[in-house]
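Assemble chain B onto chain H, guided by the hints.
Protein chains in written order, with the numbering used here: chain H, 104 to 195; chain B, 69 to 159.
Bear in mind the hints are in silico, worked out from the structure with no lab data behind them.
Values in this document were obtained by computation on a predicted structure and should not be read as measured data.
Fair warning: there could be bad hints in the mix.
[Said to hold, decoys possible] From the structure, some residues in chain B lie toward chain H, with a derived Cβ separation under 10 Å:
1) D74
2) C134
3) I142
Just so it is clear, CB atoms sit at the ideal spot from N, CA and C, and this is done for glycine as well.
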Amino acid sequence: MMQGIDRIPDSAGHIVMKEDGAVVASGGDLENDEVMADQLMRLTRLSLKVLQSSNSSANFRRLSVIWDDFQYVITVSNHRVFVCKRRPDPVV
Amino acid sequence: MEKPLDRHLEELMSTPGVTGVVCADTKGLCLAAKGVGERASSGLFSSIAQQAAQLHPDSKTSPVVCLETDQSMILLKNHNSVTTAIHKTLS
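Next comes chain H alone, as it looks inside the complex (with noise of 0.2 Å):
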């Protein structure tokens, strides 16, 4: 059910929800934080309208919502939504 979202790296925290929005799984910073999966809800439907308004065939890859230390990185697979919250790789 979790495709391994909580094995990863440099994750400080992840959501899976339903295409309803409702929460099949959630760790780390984001653990039990519904109103955080409500918005990043919200966020993915709204990209995925930009998809459908612009008529191409292009797939649903990837969205990132990107700070100066910390991300979040959304994908939709088997009608489920993963959040995983991530640290940037350290800048050498």
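Just chain B now, with coordinates in the frame of chain H:
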């Protein structure tokens, strides 16, 4: 009045990989567009940028939103009440 904005858009369009640019205000009104970017999507771009900023409203900076497909990507950022969407091809 629009010349500085047009000049910035031309500059962006000359960047390798950039295929289109759309600028929208906070209400989704399209301020300028060039290339493949659809003017009709300006409302969605503005909504996405605002929704992304709502994830962490205490943050001093607005996030960059990157929407990737198997062929291209759209980069979104809100700055000074203007949302800019940049369409890029995947290199």
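To see whether the hints hold, each was checked on the structure:
Against a cut-off of 10 Å between C-beta atoms, the interface hint on B:D74 is violated, since the closest Cβ of chain H lies about 23 Å away. For B:C134, the shortest C-beta to C-beta distance to chain H is roughly 4 Å, which falls under 10 Å, so the interface hint holds. Interface restraint check for B:I142: the shortest CB-CB distance to chain H comes to about 7 Å, inside 10 Å, so the restraint holds.
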